[in-house]
Structures are given as C-alpha cells and as structure tokens.
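Undergrad: Okay, here's what each chain looks like letter by letter:
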Amino acid sequence: MSKIVKVSGPTVQADKMSGCFMHEMARIGSEELLGEVILIEGDTATIQVYEDTQGLKIGDSVVRTGELLSVELGPGLLGSIFDGTQRPLPLLAEGLGDFISRGAEVESLDRNRKRRFTPSVKKGDTVTAGSELGFVQETEMIRHPILVPVGAGGVVAEIGEGDFCITDVIARLENGAEISMLRKWSVRLPRPTAGRLPFNVPLLTGQRILDTLFPIAEGGSAIIPGGFGTGKTVLEQTIAKHANADIIIYIGCGERGNEMAEVLREFPELEDPHTGKPLMERTILIANTSNMPVAAREASIYTGMTIAEYYRDLGYRVALMADSTSRWAEALREISSRLEEMPGEEGYPTYLSSRLGAFYERAGRAKCLGRPNESGSITVIGAVSPPGGDFSEPVTQASMRIASTFWALDYDLAHQRHFPAINWLTSYSLTAPMLAKWYAENGRPNWMEMVKEVNALLQREEELSEIVKIIGLDAMGEKERIEIESARIFREGYLRQSSYHSTDAFCSLNRQAKLPELFLDYARMITKATDEGMPLEDILSAPMAESLLRLKEVSEDGIEEAVGKIKEKMDSYFKRGGEA
Amino acid sequence: MKNLLTKEYKTVSTVKGPLIFVSDVRGAALGEMVGIKLENGETRSGQIIELNRKTAVIQVFGFTDSISPDTTSVVFREQSARINLSPLILGRVFSGAGEPIDGGDPIAPRIRRDIHGTAINPVRRESPRDFIQTGISTIDGMNTLVRGQKLPIFSGAGLPANEIVSHIVTGAKVSRAEETFAIVFAGMGITAREAEFFRNAFDSSGAREHSVAFLNLAEDPVIERLLTPRYALTVAEYLAFDLGMQVLVVLTDMTHYCNALREVASSREEIPGRRGYPGYMYTDLASIYERAGRIKGKAGSITQLPVVTMPDDDITHPIADLTGYITEGQIVLDRGLHRKGVFPPINVLPSLSRLMNQGIGDGKTREDHRQWADQLYMFYARGIEQRKVAAIIGEEGLTELDREYLKFTDEFESRFVHQGMYSRAIEETMELGWRLFETLPETELVRISREMIAKYRVKHGEHKT
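So the sequence lines, in the order shown, correspond to chains Y and L. So the first sequence is residues 1 to 580, counted in the numbering used here. So the second sequence is residues 581 to 1045, counted in the numbering used here.
There could be a bad hint or two in this list.
Just some of the chain L residues that point at chain Y, by a computed CB distance under 8 Å [what the hints assert, rightly or not]:
(1) L631
(2) N632
(3) I695
(4) T698
(5) R704
(6) S846
(7) E850
(8) T863
(9) P898
(10) N937
(11) A971
(12) T979
Since the hints were made in silico from the structure, they are not lab data. We put the beta carbon where it would ideally sit given N, CA and C, even for glycine.
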C-alpha cells in the first residue's frame, strides 16, 4: 500500500508507487483528494494535488487509479461552468454550499438527462474514427454530431434513434464495439485531426483596432500582455462577447472571483451579436480563481483546450480565451520549485517555453478526422500579466516567440482612459498578409494600402510628438500641426472604442470598411487645404472634426447617412476656404 | 481553554531563523498548530509548514530565542489555527495571534473556525454593485468603491495612507440606512503611534463599538503577521455572512506582511523570485484578498481596504505589483501632490477601480457619471502632459488651448483633488467636475454625449465663483 512520505505545498511524495506512470491520477488521504503523478524516482512518486493539502499526514494512503487526467466530452458542455479539473461549480455549490471544501467528487456531465439522438448512418454502413453516427441538437444553434471515437471503426451492426442519456449505447459495430455519446480524453494529449489548413480567414472581434490594424486569423494565436489595470480582462471579455466564433471557451486561470461572478451575471443576459441567442449558449467557462488550488490552475488551461479541440473536431470555430497565462506559468513555477528542479530565468522552470509552445500549437484550423470535407478551428487568445508591465520577462518573451499576433497593452494609454489601450506602434499581426485576400473578397480591396497609410500617419505622429516635447506645439510648422491633428482624430475617433457604450462596443465589418477611408480623406483634405493656403486656425476649428469624433455614437442604421453628411460638409467647408 | 495534549516531542533537531525542525514525528498534519514549551515554562505557538519523512518543519509565531534542541519540547495540537466567534466580538481588541489584549475575557467558543478559510465558489458570488460613498471626490467620482470590492491604497513612506483609510472607514455611507456596519482592523507591523492614531480615530467617530481590531505591532514577533490578516478575515466572514453586516476590512501594512513571508521562505532555502520574495507570493496574497466579496442570498459584504507601502514609491515593486494584479484596482498616493499640501494626495491617473461601472450610473449615482469621469481623466492626462512641455519651453510656447488645459489641471488639483477633511456628497463632487469643465471650450468635451452636455453642462456665468 502506497503512503505519503512528504507533504510540501501543493505536492506530496508517496512511496511504494512502482508500476505507476507519468500523469497517472491518484487518490490521496481519507478524503480521496485528486492528484496527478508528475515525477517518478525509483518507487517514490511526486504527486501534484488538485485540492488544498492542509491536514494531510505522513502515512496517509495513496491509491493509484490507472488513468490519466482526462475530461468528459459530449452533449451538455455548452453553458457549463467548471473548475480547473472539470468539476461543475453549480453542482459543487449544491453539495457543499457557498464555499468550496475538499474531497467532493461530481460528474462533469449530467448522466440522467435524456437527449434526442437522430442517426445519420444505418445498419451495414462502414464507419471510421471521426465519422458521424448521428447528432443531438445541443442548443438551438449548435448541432452536436456524435462521432465514432478515435481508434474505433467498422460496420454498423445496430444504431439507435430517440431519447438517450449520454452513457447509453447508441450504436454497436459488428466487431462488438459499443458506442455511447460520452467520450473521455486525456487533457495533456492533443486530439488528432486530418491535417492543418492555412490561416486565411480572420476571426472578427468587432474591435476596430484589432480587425482593422492587427487582425487575428481563425486558428491563429494572439497574446495580450499588459500590466495591471491596462485592460486585459476587459478586452478578453469583450472579444468573448463579440467575436464571430461558434463556441467560446473562457478560462479564468488564477484570476479574480468577482470577475467570474460578473461574467456569470452578464453572459446569460447578453445576446450573441451574430445569432441573437443568449451568449451563454455558446460559452463554456472554466473558473479556477487565484485562491483555488494551484495545481488545478495548472490543469485548467489543458482542460479548456481539450474541450476546445472536441468542438473543433465537431466542425466548429472555437475561440479560447485564457486569462491569464502568467498565472498558469506561476503555478508551473511553484510546483517546479517544490520538485527542487534547477530553475531557469526568474525561477521559472527551463521547460516553460516548450510547455507554452506546445499549448499554443494546439490552436489551428484543421480538417476533421474522418470527415475531410468538414473543418474546425481553435483560435487562442492568451492574456499575459508581466510583473511591473515589463515585457522582457520570461512568460511574455516565450509567448511572443510562438503567438502569431501581439496586442501590447500600454500603461500611458490606460492612464488617459484610451481603451482598448493597445499600443499601435508595438503591436503586430504576422497573419495579416495572409488575410488580405479574404478582406479583398469581402469588400475591402484596398485594405493593405489603407493599413499602410494609417501606420505611416501614426508613426509620423510619434516622431513629431518627440519634437513637440522639446519645442512645444505652437512652434511646430503648419504642415506638422496638420499631421498631428490628422493622427489625433484617427486615434480618438477610430482607434478608441468603449466596450461599455451600447453602440460603440461592437463595430461591424461594414462600418470598419467605411470609416478609416473617411478619416484618411479628412487627413488628405486638411493637408491639401494647408497647401492651398487656408489658415491653420480655420482648419483646426473645422466643425467636422467633432462630428468625426462622435461618429461612434451613431447607430448602425444611421451610419451611412452620417458619413454622407460629414463628407458633404467636408467638401464644401474646405472648398470655400473655411466658411461653414 | 485547555487543549487536548496528546503528543509531546523532545526531538527538536534544528533551530533556524523563524523555523524549528522536529524529528521522529508521527501522525502530524500539514498546517497543524503546535505548542513549543521552553525550559523556563514559557509556551510559544507554531505551525507545521512541511512534512518530510519523519521530520516536521515548524514556523514559530514568536521569537526563537531561548529555544534549544536539548530542553525544548513540542506539543502537537491536532488542529489548524482557529478562532472563537460570537456577536460579542464587536468592540474587542486582539493581538496579531488572536489573544485578547484589551483586558477582557476570551470569547466564549460558540463557533470555532479555521482561520485559513476556503474559496468562495465563483457561482455563489454575487457581483458587487452597491455604491459606497467615501466622501472623497477622487474616489467617489473617478475610482468608485463598491461593496464587496478589494481596493488597496498604494502609499509611500511618509504619505498619509492611514489618514485616508480612517477617513473612509469612519465616514463611509451607503444608500440604505437600515443596514449595520462593522469595521475589522488588521494591523501588521504597525508602530505604536499608528495603532494609537487608529484607536483615537475609531473612538472619536464612535466606530469603536462596531469594530474588531487585531494588532501585531512593529515590536511583536514578525512571523505572527502571517496569521493576523487571516484572523481578521475569519471574523469579517462571520460578521458578513453569518450576521449579515456590511464589513469594511482595513489591512495595514501589507508590505510588512510580505516581508514576513519572505523571511520564512528564505529560512526554508526556497528559490527566491523577484527581489527575494517567494514565487508563491501571488497565491498567498490571493488567499487574503480573495476573501472580499458578496454571496448570493446573503445580506452582508466584505470590502477590503489594504494599505501597501511601496518601497521607494516604486509601483513595480513585487508587493504593489502582485497586489494590483489581484485586487480590483488601486488608489495611488502621490508625493508631489502631498508636498503641495493637497489632501488627500491621490493621483487619479494610475488609480483605478475595476468595479466602478457596476456601482455608478442612473439609479445609483447619476447617468452622466461614466462619461463625466472619462472626460476628467482625459483633460487631466492632457494637462499633465502640457505641464511637462511647459517645464521645458515655458508656458508661452504652448498654444492658447493648451494653456487652458494647464489652468484646468491646476484647478483640478487645488479644488477637486484637494478637499482637506471635508466630505463631499457625490452630487457635490459631480457638480464641481462640471464647473471645472467650464475652463475649456465645449467642443473639447468629446467623451460626453451631446445629450448629457445639454442636460448637465453649467452655462457660462452660472455658478461661477
């Protein structure tokens, strides 16, 4: 019988463990706390414990389960809220009350609920891993195909139709295999696909600065690094609300309890802007707040990713938000230090970057296994919380080397309450060039040129602002004053976007196609007016400037008209040399 | 109360900093409290923080002087640190280790709870959204505090953080009158003078009888500080979630707490993180700060006001940094404003309340509140920028508009931020903000909708002082 020989922080060491394997689950102590083997030395194994280790004693029993840490997959995941090891939090609350005490074991998916299964194959059909056996309507929008499990296949001997629980057998194959709707999958093992697909479709977020300047591809990965108070969480939540993904997996990894409470209050009430259904119907939340056990925090991002892969394999576009990957890295560091491993940079284990890499590489667009005409994707958006807002730290640096899109949050912008506080000079999207074709086919033929022009405008402002700091704005030349004014109006009127304003929070592609051109037209027009000798004061006091800044208050229906009006006014004002 | 003394060991093998190692231990549990008996009959307490084979590592909540492997014995108490709770706890003063120090009797053990607490299930949390009026314009107007929030004060040595905190807790108002308030005060490593200051503030405002204080003074054992906030928060949870009270918790000074944490970590020869603080400090601080909040179906709330003294005023110092990542915003004090005689010297630019939006607006404060605050932020940020430029090139080098921004900024600091000990109602704060907007042309009010401008803008000439 294995017994505990050492208890240190979130880890325990057990003896007589020979025969155990890496990442095997174990049950620890009289309360049978869940743990996972993370180090084997001779017949001693070190186990990270997914619950609080207070009260554990030397000599307490350790029981091997023979299984890897895995999650349950099947109809009923949507709308759920789990902890880091996929225990449904509402069920925990029913059993334990308002506070989470230890040792509770609950099933991730409801075993008793019956769902209507409609078959898509018939007796005698040959099926392979990934083939669709039938489907369940999980929510109004989500048709949930039931696929042949990975590793199975053969000729259908029997197929059910009607109401089933997820553990009921819905199909039998001639080789004797019995298939239900419930799947289990080890969280640390990526699920197989039939091959990757290129990044050529953007995931639209409804955020102007992102979709216009730094778009993320479906299947790509983005990181949002930023010091505290720069708006990482608000940006993650805003994208979760507005992105045109089919499924959102939101992982609150080591973050605030009140934030999760806010998401839980808001999401059931909000509408999915693309389908009009409650947002919660397309969302799965994983909440392992900062005061919940550290080891479960480490597991939470894998739990989320495995669920994301499952929906990708069903053929859906999944967006996975991880807030914050730094807290995951810290959990890794804490456990590593308990193992007395030789530390790398800033105490993080030397395998930090390979683990991060392996995680982000589970993102992607792929052909579905067994159904090569279907495809699904996982887009990962990870928040990073660098200490002191210093991007040179290991987690930010390691993440930057992997993620294709970099949205850098900036203290100065946040202090001015310019949100989203994304720094337009340091952010980038490596997938943007691959998306140009899509933008061209969707009514934005000049998108790349427009982005170049905007970048030039913003870069120029940055250079000029250095000079302004030395000699003052008043001493700048007229041409430079105009350049600064053009950039200011673009920043304030277009890049700044309020996620709390009912109209402004989401910006449609249609709107994003019109507005940048209008702002650039204005910039060209005032430059021309200066060249033609129009007095600077008249240009700077042009009444259209304020209208441009207020365009974000105009509703979707009125935008066409508002843009037209501003254009007319611009034309006449500058043609007549400043007379309104 | 007598503890059930079951196992006594005379096998202390090592004494090192605040730690002792006891060998040949059987059946001891992680987190268990121990009594340490010295040769002279004195007893100190400690807690098991690691178990390795037959050795227990114990952190001693007192001084380790006079502890000797030869003469000291250790008694295992078979339970973690606990506190007795009853409604009679209001008005009492305890040491940082939970012993009464006000001359009164120990609390009768009606309810006994583990001071480490457990996490509130996120699905049982009620999201905080009730406005708390502190009377301070820069907080109520621009960084609104709501019930159930944790909002730290980031201070520097010599800045009046304690004055601000006591001003808030003794004067805080919420909209409903029938509710009961309580203050739980945890002093960690504070000086006798600071303790005296709070005592006087509580006495003179009449807050004493609905407050509970835990005092670990600068001269008290350092490691005891690791228990102090946990005792305080266990009491706060009892008052809020058992008795339904609105509890404000003051934790001062978290910097001393973190330094105690570092001391234990270095004695354990742990691999240090930034500036020698342990890698798990984030998790440890979260186990304190996350005990703020509200619970569905319960009337009470816990609002935390921790004080963090930033060494060298450095906001990137690990203590301030990790705190900022866990708490729902921060109120940052500024040495420059303090020198100018501004009270409270709150710099609004780096300050933030993440829960502000949930506590303001129509029906709570006023419909224009959010836009109004955004506009103040934008004006002040621009004015500060212009002040830097003016310092280099002189005011004459600025455009006329920028000079108006400078004027706004000066008035903002001297009339809006500065208010002395006077408390302003939220209406008064907002009115003052609108008056300050008059310094600038209306076309600059781009963060406020036209509708709100029409409704609330003070017309030229009106109200001018």
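Undergrad: Quick check on the hint: P898 of chain L CB to chain Y CB, less than 8 Å?
TA: holds, 7 Å
Undergrad: Does R704 of chain L meet its interface restraint, that is, does its C-beta lie within less than 8 Å of any C-beta in chain Y?
TA: It holds, given that the least Cβ distance between R704 of chain L and chain Y is near 4 Å, below 8 Å.
Undergrad: If you take the shortest Cβ to Cβ gap from N937 of chain L to chain Y, is it below 8 Å?
TA: holds, 6 Å
Undergrad: Given A971 of chain L as an interface hint, is the shortest Cβ-Cβ distance to chain Y below 8 Å?
TA: Nearest chain Y Cβ about 10 Å off; hint violated.
Undergrad: Given N632 of chain L was flagged as interface, is its beta-carbon under 8 Å from a beta-carbon of chain Y?
TA: holds, 5 Å
Undergrad: Does I695 of chain L pass the interface check with chain Y, least Cβ-Cβ distance below 8 Å?
TA: The hint is violated - I695 of chain L has no Cβ within 8 Å of chain Y, the shortest such distance being about 11 Å.
Undergrad: Against chain Y, with CB atoms and a cut of 8 Å, does the hint on T863 of chain L hold up?
TA: With a closest approach of 6 Å, the T863 of chain L hint holds.
Undergrad: Against chain Y, with CB atoms and a cut of 8 Å, does the hint on T979 of chain L hold up?
TA: holds, 5 Å
Undergrad: Go through the hint on T698 of chain L and say holds or violated, using the shortest Cβ distance to chain Y against 8 Å.
TA: At about 4 Å, which falls below the 8 Å cut-off, the nearest Cβ of chain Y leaves the hint on T698 of chain L intact, so it holds.
Undergrad: Please verify that hint: E850 of chain L, Cβ, nearest Cβ of chain Y, below 8 Å or not.
TA: holds, 6 Å
Undergrad: Return the status of the interface hint for L631 of chain L: holds when the least beta-carbon distance to chain Y is below 8 Å, violated otherwise.
TA: holds, 4 Å
Undergrad: Please verify that hint: S846 of chain L, Cβ, nearest Cβ of chain Y, below 8 Å or not.
TA: S846 of chain L check fails; min Cβ-Cβ to chain Y is 13 Å, beyond 8 Å.
This entry does not satisfy hints 3, 6 and 11, going by the numbered hints stated previously.
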